[in-house]
Every structure is written in C-alpha cells, then in structure tokens.
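Undergrad: Sequence:
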Amino acid sequence: MKRNLIALFGLALSGCVVGPDYVSPAPNQPAQVPFSQAGAPGFSPAEPPADWWRLFNQPVVDRLVGEALAANTDLRVAAANLRQARAVLRETRANRLPSTDISASAGYARQPGGAEGESYDAGLDLGYQVDLFGRIARAIQAGRADVQATQATYDLTRVTVVAETIRAYADACAAGRQLAVANESLRVQEQTFDLTRRLEAGGRGTGLDTSRAAAQLEQVRSDIPNFEAGRKAALFRLAVLTGKPPADFPADVAACNTPPTVTSPIPVGDGAALLARRADVRAAERRLAAATARVGVATAELYPNITIGGSVGSTAGSVGDLFSNSGFRFSLGPLISWSFPNTSVARAHIAQAEASADAALAEFDGAWLAALRDTETALANYVAQGTRVETLRRARTQSQEAARIARLRYQQGAESFQIVLDAERSLAASEALLAQAQAQFSDATVTLFLALGGGWQQPVPAAG
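The number in our numbering is simply the position in the sequence shown, starting from 1, with 1394 added.
Hints in this document: simulated from the structure, not taken from any laboratory.
Just the calculated beta-carbon pair ranges, DEER-fashion:
#, residue 1, residue 2, range
1, 1513, 1724, 16 to 26 Å
2, 1718, 1475, 52 to 62 Å
3, 1421, 1752, 11 to 21 Å
4, 1666, 1735, 46 to 56 Å
5, 1666, 1640, 38 to 48 Å
6, 1470, 1655, 25 to 35 Å
7, 1515, 1470, 41 to 51 Å
8, 1788, 1448, 22 to 32 Å
9, 1422, 1454, 36 to 46 Å
10, 1770, 1805, 46 to 56 Å
11, 1489, 1439, 41 to 51 Å
Backbone N, C-alpha and C define an ideal beta-carbon position, used for all residues, glycine too.
Given the sequences, and given the hints that come with them, work out the whole structure.
TA: This is the structure we're talking about:
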C-alpha cells in the first residue's frame, strides 16, 4: 500500500498540462508600419514621451494633471479593482497548497442498546489536490492574465483622466478666449453705436443707422452669457476631475483665455509601438490570454481529479483519554473522482471556453483596428484643424483692415453706414470663428495624444 501511494504521488508530480498553450497574436498583426498621416508637417517619428502633457510647456497643466492623478475618483475605482484582481489571483494560487482543517467536538449521547455516555474527538485533516492535468496551473495562468488585463484597464483610466483633465482646462481657456473676443466685439460695437448717435444728433446720420447699430450691439451682447456658461461648465468639470467639489475650481484657470498648444513637432511613433502602448489593446490581448487558459481549465475536467488526504486524531469517552494510545487514529490515502464515461458536461464546458476564446480574439482584432483608426483619424484631424486656424488668422487680419477702412470712410462721408455694419459684422464673425477654431485645435491635440495611448507608464498602486 505504501509503495502504491508513493508511485501515485510521483505520477502526480510528473503530470501534464492539458489545453492550448497561449501565443500572443500581437506581433503578427499588419500594423508594423508608419502611420499614413504621419508624414504631414508638425509630426516627428519619435516615440511620444510618457509624460506627454509636458509638451504643452505650461506649469498649470502639470499641476492639474498631478492633482487629478492623486485624487480622481475614477482612478481610485480602477486601483481598487486592480487590488481585487490581485487578491483573486492569490486565492487561486492557494489551491496549490495543502488544505488543513482542525476539528474538535464533545457530546453526550445514548447509543442503541441503552448505553449512554460522553464522547470526545479531536483531529487534524490534511488534503492536497494533485494538479495531475494542469487544471490549477491553467487557472493560475488565467488569473494572472486577468490581473494584467485589469492593470491595463487601470492604465487606460489613467490615460483618460489625464486627457480629460487637459481637455477641461483647454475648454475653460477656449471659452475664456471666446468671451474675450465677444467682449471686444461688444466694445467696438458700443463705439459704433455711440458714433451713429452722435452723427444722427449732428444731422449727418439717420435713425435707421442708429437702430441698425443698436440691433447689432444687442446681438453681440447676446453671445456673452453662452460663453460664460461654457467656461463655468468646463471649470466645474475640471474641479471634479481633480477630486474637488465643482465650486472649488482653480482661480487661475478661471482667468485663462489662451488655449494650450504644442509648438514643437508632435512625436507619434509607428503602428507597432502603438499596439504595445495602447492600454485598451493590451487589455484585450490579456483577456484573450485568460480565455485561452480557461480552455485548459475546462479540458482538465475530462480527466480524473485526485486528492491525497490524511487525517490524524483521537476519539475517547473522556477528555483525559484523548491523549492516550487507545484513542489514537490516523488515515492516509487518495480520493479519485472522475466523470467517466459521461463526459458531456465537460465537453460542453470546453465548447463554451473555446467560444469565449474566439470572441476574445475577435475583440482583440477589433481593439487594434480601432486603435489604428483612432490614431489615423486624430492625425488627419489635427492637421486639418491646424490648417483651419492659420487660414482663419489670415481672414481675421483682412477683416480687421476692412473694418478699419470702412469706419474711416464712413466718418468722412464716403461710405454708407450699411458698409460699416457689414464690415464689422464680418470682423466679429472672423474673430468668433478663429476663437472657435483655436478651441477645436486644442481639443484635436488632446484627442491625438489620447489616441497615441501614452501616459500610463508610471508607478502603479501597490498590491493591497
């Protein structure tokens, strides 16, 4: 009997691991080339830095990002989920260790035949689950991949929090810029309205000119509340992103009226580096690894499950006899369970696991395709928005000159007031379009960095 147990234990230690071995599909994806839009001016082939927000070269941006990383609630949730995943992995790994149960009981009973008396029992049970076909090993592989996928999800949350913090700051500054433009247009329109009243009073203007100027003045004034509301909304969003109540937004940001821009060429890298850098792609790849390992867990159900157990203890009719030789007992032996020949349930579990792995592979393919699409789109949009800003700057300059000439000629009686109104309306529209385009360009910059996927390469929270 002893020799049989030793042989069984040796067989257990030399067991095999069933199921497919995972091989990452990432290196074989057709994404190992430069981006098609990366050759445009304003880009460089270097890899984006981990702290890409420092390319804005604004201390206030660095400060806000630091506050968000320290206190953002979404990031705290992601960190807690990561600690939970690590704890689940520790639980799975514990299945490799022997289990122990200590028991003790005391009672008074009447036995058949009329005998009555006390009974006492104390014992220690040991059990070791033999991982003969790798069920526990595959479960640990799956758990480890789950932790890595959760880590990637944490990284994605970190990237998103950084991007949204900068976006909220940029939106607040852009609304401040639009508000400044509207106030300047209001100032100019007030001067024009004052001029028409004075000319009408002097007999050189008409009531129609004054009414038109007053109407345009009120139209310009009507835009200001919208810009003020937009700035407050961005400030409230920024405060919450940094873990503060909405009313506790930073005062220096409330005074900002210049959206952040990157003046140096933006490093974008290539497709291969993108797949390694994008946290959502890494999360999808790790979920695929976990699903593949669970095929092995299901496959192990086709084979016997062996547990080697032992028990030692004592049973006696009094407490004093528990420690005597007469009450001592022990047992040692294997427990084998095997659902055979009916393996329908196990094979159904294998089919489910294989289907989950196929779905995870499709999700991974979708993730890297979406990553390339997002990046190419963001590159093209960044170029387009930058070009639009430069074009509108030239248009604004021409509108300023046209409005200046129209006012001078009107004051000299060489033009009608309608020409002045048209020129000032065109200037106000040019200024508003330029401010809007600058806001969209800042947003396109943040979207590009978000698509490039950097910003997670920082120390992660310690295991709980």
